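Modelling step: build the complete structure from the supplied sequences, incorporating the hints.
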Amino acid sequence: MLKQHTLFEQLQYESYQFPMPQYLGAKFPLLHWIARFIPDNARVALDAFSGSQSVSYLMKRRGLQVLSNDLLAFCHQAGLALIENGGEVLGDEEASALFTKRSDAGSLMRENFAEIFFSSEEATRLDWFRANVRALSPLKQAVALAVMNRSLTRKVIMGHFAHTQALVYAANPVRIKRNPSIAQPIQDIFSKLLPEYNQAVFHNGKQNLSFNENILDLLPKLKQVDVAYFDPPYTDSHSDYQAFYHLTETFTRYWTEKSFVNATRRYEPQLWSGFDKKAEVVESFQKLFALAADIPCWLISYNDRSYPTVEQLATLLKKYKDVTIETKPYLNSRGGKGSVAGSQEILFICRNKTRIFVGE
Numbered sequence: 072m073l074k075q076h077t078l079f080e081q082l083q084y085e086s087y088q089f090p091m092p093q094y095l096g097a098k099f100p101l102l103h104w105i106a107r108f109i110p111d112n113a114r115v116a117l118d119a120f121s122g123s124q125s126v127s128y129l130m131k132r133r134g135l136q137v138l139s140n141d142l143l144a145f146c147h148q149a150g151l152a153l154i155e156n157g158g159e160v161l162g163d164e165e166a167s168a169l170f171t172k173r174s175d176a177g178s179l180m181r182e183n184f185a186e187i188f189f190s191s192e193e194a195t196r197l198d199w200f201r202a203n204v205r206a207l208s209p210l211k212q213a214v215a216l217a218v219m220n221r222s223l224t225r226k227v228i229m230g231h232f233a234h235t236q237a238l239v240y241a242a243n244p245v246r247i248k249r250n251p252s253i254a255q256p257i258q259d260i261f262s263k264l265l266p267e268y269n270q271a272v273f274h275n276g277k278q279n280l281s282f283n284e285n286i287l288d289l290l291p292k293l294k295q296v297d298v299a300y301f302d303p304p305y306t307d308s309h310s311d312y313q314a315f316y317h318l319t320e321t322f323t324r325y326w327t328e329k330s331f332v333n334a335t336r337r338y339e340p341q342l343w344s345g346f347d348k349k350a351e352v353v354e355s356f357q358k359l360f361a362l363a364a365d366i367p368c369w370l371i372s373y374n375d376r377s378y379p380t381v382e383q384l385a386t387l388l389k390k391y392k393d394v395t396i397e398t399k400p401y402l403n404s405r406g407g408k409g410s411v412a413g414s415q416e417i418l419f420i421c422r423n424k425t426r427i428f429v430g431e
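Numbering-wise, the numbering used here comes out as the position in the sequence shown, counting from 1, plus 71.
Where hints are given, some of them may not hold.
Using 20 angstroms as the maximum straight-line C-alpha spacing, the simulated EDC-like pairs for lysine to aspartate or glutamate come out as follows [unchecked claim]:
hint	residue 1	residue 2
1	Lys329	Glu351
2	Lys211	Asp163
3	Lys263	Glu193
4	Lys399	Asp375
5	Lys424	Glu382
6	Lys294	Asp307
7	Lys292	Asp365
Simulated restraints on C-beta separations [what the hints assert, rightly or not]:
hint	residue 1	residue 2	range
8	Ser330	His274	39 to 49 angstroms
9	Gln383	His103	27 to 37 angstroms
10	Ser167	Ile396	43 to 53 angstroms
11	Asp111	Asn243	28 to 38 angstroms
12	Ile396	Asp163	45 to 55 angstroms
13	Ser330	Ala106	34 to 44 angstroms
14	Glu354	Trp326	20 to 30 angstroms
Simulated from the structure, these hints should not be mistaken for lab results.
Predicted model only: the values in this text are computed from it and were never measured.
For each residue, glycine too, the CB sits at the ideal point set by N, CA and C.
Encoded structure:
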């Protein structure tokens, strides 16, 4: 009976589609594989490093109560928009108003990113947008910011901000033919993407939540989680998310107290993760597993080119859980998180240890 109920919950939300992400390491192409290992009897799921939100959305569609978390605020806004949000969408008139001129708007985007990633006019419009968005309700703000951040990655070649070739490519007819978005106004890209996000909003009957914390700080506050999905940065394997997405993070937080450094105007100091530097990551994993010990099932995405090695991480895990390792080879390079041809995506399935009771 329990499995029939779960199957019904999974099927009733199948019509809602997650907007196609453009995020290094997003698990969107692997969702069917990951879904096989989510326990049928799970009711509350934690997505601890939620990134694009595609796995959180998978769990929401399955009828679970989803607790989505990411250290980066622009990922959190996508979580608010698509996971926590159960019904608020952004109307066309509201969307159009976001691009109207504001004489009292800040100048963060124009001062730091004009003539690097965008023209001065486009950067100024982004400052207007950021001022206008504050007039919306919190969940509509989240929808607006999620769509705009996705628009920014569409606008910039390679979908990230760790390079300075955006305007060069946007003036190259060959590049434009290959990717017309790089030459389109940001408002046009936003208008095209907005319906995809609006149609993705739904209520699954649960109180889903999106958090914006370091997972080591959040875990002690959570109770009665049935399954946790961990997709940490793949250390030593192309994992500097704050460098790749510094612009969307700066735009979302609209920082005024940060320093902006190097040719791409990356913010400094960076946020502390604990999972993106070799000197810290093993200790952070140990803390993570200790804090999550009471969660019955863990699913952990990893890569065979990361540090610590698969074998070393398995040894750490076996102190807490029984561990099964599934693998999926990459046949083509996808970019990010070590997912290049010849490498393997790893999924650790970790369940509570089997206890054997011996009679007296």
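Note to self: Given a hint of 34 to 44 angstroms, does the C-beta separation of serine 330 and alanine 106 actually sit inside it?
What the structure shows: holds, 43 angstroms
Check: CA of lysine 329 to CA of glutamate 351, is that 20 angstroms or under?
Finding: violated, 24 angstroms
Check: Is lysine 399 close enough to aspartate 375, meaning Cα to Cα at most 20 angstroms?
Finding: holds, 10 angstroms
Check: Are the Cα positions of lysine 292 and aspartate 365 separated by 20 angstroms at most?
Finding: holds, 13 angstroms
Margin query: Please check whether serine 330 and histidine 274 have a Cβ separation lying inside 39 to 49 angstroms.
Written below: holds, 42 angstroms
Notebook entry, point to check: Do the alpha carbons of lysine 294 and aspartate 307 lie within 20 angstroms of each other, as the hint requires?
Noted result: violated, 32 angstroms
Next item on the list: Mind checking the hinted window 27 to 37 angstroms against the Cβ distance between glutamine 383 and histidine 103?
Entry: Check passed, 29 angstroms falls within 27 to 37 angstroms.
Next item on the list: Quickly compare the C-alpha distance for lysine 211 and aspartate 163 to 20 angstroms and report which way the hint goes.
Entry: At roughly 12 angstroms apart (the allowed maximum being 20 angstroms), aspartate 163 and lysine 211 satisfy the hint.
Next item on the list: Note whether the CB distance of aspartate 111 and asparagine 243 lies within 28 to 38 angstroms or breaks it.
Entry: violated, 51 angstroms
Item checked: serine 167 paired with isoleucine 396, Cβ distance criterion 43 to 53 angstroms -> holds, 51 angstroms
Next item on the list: With 45 to 55 angstroms as the target window, see if isoleucine 396 and aspartate 163 comply at their CB atoms.
Entry: holds, 48 angstroms
Next item on the list: Sort out whether glutamate 193 lies within 20 angstroms of lysine 263, counting only the CA atoms.
Entry: Distance of about 17 angstroms is within 20 angstroms: holds.
Hint check: violations occur at hints 1, 6 and 11; the rest are consistent with the structure.
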